[in-house]
Amino acid sequence: MSSKSLNQPRKESDRHDAKKWYSAILARPEVGPVGVMLLLFGMLGYFSIPAGEFSLNPFSGEGFNALAIRNNLRVISQLGIVAIGAGLLIISGEFDLSIGSMIGFAGGVMAMILRWGFAVVIPYVSFEGGLHIETYTLFKITDVSPLLAICITLCFTLFFGWLQGFIIVKTGLASFIVTLGGLFFLRGLTEVCYRAFNKKPDQTAGSTTVTEIPDIKNIVNIPGHGELERDVAKNLPQEELLDLLKTVPEATILKLTEKLTHINEKVAASKTLLLKSKGVKGLEKALENATASGNEGMIAILQDKIANFKIEPATAKAVSDVDLAKAYIDTIHSARPVANFFGGDIMEPLFNWLYFTVDWNVNNYGNQFADGLYSCLMIWFLLALICYVLLSQTQAGNWIYSTGGNLNAAKANGVPTNKVKISLFMFSAFCATMFAACQVFETNTADTAKGNLKELEAIAAAVIGGVVLTGGFGTVVGIIVGAAIFGIAKEAFFYIPGVDGSFYRVFLGIVLLASALTNENIRKRVIGSA
Amino acid sequence: MTDKKPLIEISKLVKKFGSFTALNGVSLNVYPGEVHALLGDNGAGKSTLIKVLSGVHSATDGAIKVDGEEVHFNSPREASDAGIGTVYQDLALNALTSVTRNFFLGREIKKGPGALGIMQMNEMNEITIREMKKIGINIANPEQPVGTMSGGQRQTLAIARAIYFGAKILILDEPTSALGQKQQMEVLKTVKRVKNLGNIAIILITHNEIHARLVADRFTFLSLGEVIGSGLSSELGGDDVKRLMAGGADIGDLAKELENVT
Chain A
155 MSSKSLNQPR
165 KESDRHDAKK
175 WYSAILARPE
185 VGPVGVMLLL
195 FGMLGYFSIP
205 AGEFSLNPFS
215 GEGFNALAIR
225 NNLRVISQLG
235 IVAIGAGLLI
245 ISGEFDLSIG
255 SMIGFAGGVM
265 AMILRWGFAV
275 VIPYVSFEGG
285 LHIETYTLFK
295 ITDVSPLLAI
305 CITLCFTLFF
315 GWLQGFIIVK
325 TGLASFIVTL
335 GGLFFLRGLT
345 EVCYRAFNKK
355 PDQTAGSTTV
365 TEIPDIKNIV
375 NIPGHGELER
385 DVAKNLPQEE
395 LLDLLKTVPE
405 ATILKLTEKL
415 THINEKVAAS
425 KTLLLKSKGV
435 KGLEKALENA
445 TASGNEGMIA
455 ILQDKIANFK
465 IEPATAKAVS
475 DVDLAKAYID
485 TIHSARPVAN
495 FFGGDIMEPL
505 FNWLYFTVDW
515 NVNNYGNQFA
525 DGLYSCLMIW
535 FLLALICYVL
545 LSQTQAGNWI
555 YSTGGNLNAA
565 KANGVPTNKV
575 KISLFMFSAF
585 CATMFAACQV
595 FETNTADTAK
605 GNLKELEAIA
615 AAVIGGVVLT
625 GGFGTVVGII
635 VGAAIFGIAK
645 EAFFYIPGVD
655 GSFYRVFLGI
665 VLLASALTNE
675 NIRKRVIGSA
Chain B
390 MTDKKPLIEI
400 SKLVKKFGSF
410 TALNGVSLNV
420 YPGEVHALLG
430 DNGAGKSTLI
440 KVLSGVHSAT
450 DGAIKVDGEE
460 VHFNSPREAS
470 DAGIGTVYQD
480 LALNALTSVT
490 RNFFLGREIK
500 KGPGALGIMQ
510 MNEMNEITIR
520 EMKKIGINIA
530 NPEQPVGTMS
540 GGQRQTLAIA
550 RAIYFGAKIL
560 ILDEPTSALG
570 QKQQMEVLKT
580 VKRVKNLGNI
590 AIILITHNEI
600 HARLVADRFT
610 FLSLGEVIGS
620 GLSSELGGDD
630 VKRLMAGGAD
640 IGDLAKELEN
650 VT
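Heads up: the protein sequence lines correspond to chains A and B, in order.
For the first sequence, the tail end lands on 684 under my numbering, and the numbers increase by one without skipping.
For the second sequence, the tail end lands on 651 under my numbering, and the numbers increase by one without skipping.
Next up, chain A with everything else stripped away, as it sits in the complex (with noise of 0.2 angstroms):
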């Protein structure tokens, strides 16, 4: 019999030594994800060049022109935001299948608000002149501000967060059927609200659209006109907008001057250059036609003009005085500060420098392409960056993870588990919250129908990002790149030529199914039994 010497025995604890910089990377649950998201940023660049011209720079394509980049990036992170909430929740072993109908019932409620303000209304018997129900208003406020709207919003959606996180703890339900109640609760009551609410004099019931709400982000202090809306302010007659224009100080004119004096010669350069590819490409026309019926001469003439092709520049359009005092209107900042953090744009400086400096976020009219990026980026931003340091970093974070990982564990080391729990469904309404709040500030509507489906986005955004369902595992990391992938599909497939854009939904289909089976694996090697 033969066996090794055991003077020196080999342990369990030798065979797991610290992983290397490189494989700990690759064995990090985002690595999956992240190259899904190259390759969608890939098509999108690569399929988006227009026809005929070719480039290896796949930022040529109109993908990724500043306007695209805007919109998709709006797409990504309205997603993101209730991603993180609904991805938190995943982690700590429950589900929110109430996200969307919430983002619908806080978009109603914070229009209907700012529309015709908030009273509190208290319903009693009345006996005078028989039997009915009278109501005493116990207060109301007629002109809400901004951030009272979205914190009344807020009293509402955190509550019904916490009576769902409540109710699922307290009773052992499952969280599917118990936000499923909620999911119908809410877009019902929604509905409703709206019919009862927003209807006028002669209708029966009411629309279930709020329009008419002020563009409120862009309220802005005229002097000597007080608060108004920017377009009201630049349509004011002539005679007021110069007598404003006198109150501008020298050194602003100077500069906006110069601003516009450059816009304008960038619009009459691009006329030039449109007219000048129009002309040519009639002539262009005639030469094909020529060469197909073999007209030596013509082909002669036809070519000298196309080498010869010359147009009169376009003259720039001189500044006038009026144009300035719409420029500095544009200039004021917003009166209302909060509406703008949610509906407004962010990094204004730093497109205008791309337009005036760099001459890229330029459209074909020689105007500027984009003005910015939507805000509700900057507010994906923000809370990602909470989450990631909340979840990676702190008590809190650990808790949430055990909370799913293992509940009974959790509870024996005197993790609240409840408590963790409850406050993660009331940060996913309050995430379905900010949702609402950027787009009803961004577009100055609502309407019941908004966030449908949205749930199931977020859920289906997490586990892309390597959340498992069953809870304990995902990061903050992969919660984000799995929504760039979710917002990013859609355009990719656009532009795809022959390629029906629908099939972006066959595809996140299978990279569910793949990420899904993927988690789990990863789950299953990380406790050993596989």
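Hint data in this document are derived by calculation from the structure and do not stem from the laboratory.
Among the hints, erroneous ones may be present.
[What the hints assert, rightly or not] Here are the simulated distance ranges between beta carbons:
id : chain 1 : residue 1 : chain 2 : residue 2 : range
1  : A       : Phe313    : B       : Leu505    : 13 to 23 angstroms
2  : A       : Ala328    : B       : Lys522    : 41 to 51 angstroms
3  : A       : Pro570    : B       : Gly587    : 51 to 61 angstroms
4  : B       : Gly587    : A       : Leu317    : 49 to 59 angstroms
5  : A       : Leu536    : B       : Lys522    : 50 to 60 angstroms
6  : B       : Leu505    : A       : Ala603    : 53 to 63 angstroms
7  : B       : Thr651    : A       : Pro570    : 22 to 32 angstroms
8  : B       : Gly587    : A       : Gly189    : 50 to 60 angstroms
9  : A       : Leu671    : B       : Ala644    : 54 to 64 angstroms
10 : B       : Thr449    : A       : Pro570    : 29 to 39 angstroms
Beta carbons are placed, not taken as given, at the ideal position from N, Cα and C, and that holds for glycine.
Use these hints to put chain B onto chain A, whose structure you have.
Only chain B this time, still in chain A's reference frame:
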């Protein structure tokens, strides 16, 4: 050994569930630096006893004294505050997170307000490595998930955690069951090292008389809720242990019993 004061004295403990008497006047003393093996068949009352000791149930009658002072527990938290640490069979570990995160689960070292405090990972990692080393396991990487550890290592982690958070009396509930041979030895080594620390009293609940004989200093045998025998390891012969394990029956009686089966 008799000059030492017992760390925990249990005298005439009675626990009734309605009309059912689970424990009927159980007494035992456990001394620091000793392993006290608690043996008995299924239904002997071992589980009830540890549940009373760890504060899950409260005793119907009788007294528990820790360090000479009488205690009454109404919750597991009170028992653990009094220094009784129980390591259950499921170990209360989350396999998906790291060793350190499990070691400090629910008692994280943090800076900042409430649950939002930032965990001091480096400090926690150091403590985890140090405490695991004390009872004999060198972990190279405290950031590795608990799922990658062997059953024996997990057991050690749970024991180290209980000791670090102030357990003077360590109750181990069948620590060697559901483990392979090598892992069982690893756990027994850990138990021995904890014993050698000198200040901790260990109550070892087991089915396995061989394991008990290997590490225990004292034995108490339970059957149907009563103590049917106890003594120092040195006083007990192998046959005694076998007989008492089987609830007092002689091996000959058992053989006869089997013969009658047709």
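Enumerated hints in conflict with the structure, sorted upward: Hint check: 3, 5, 6 and 7 fail, others pass.
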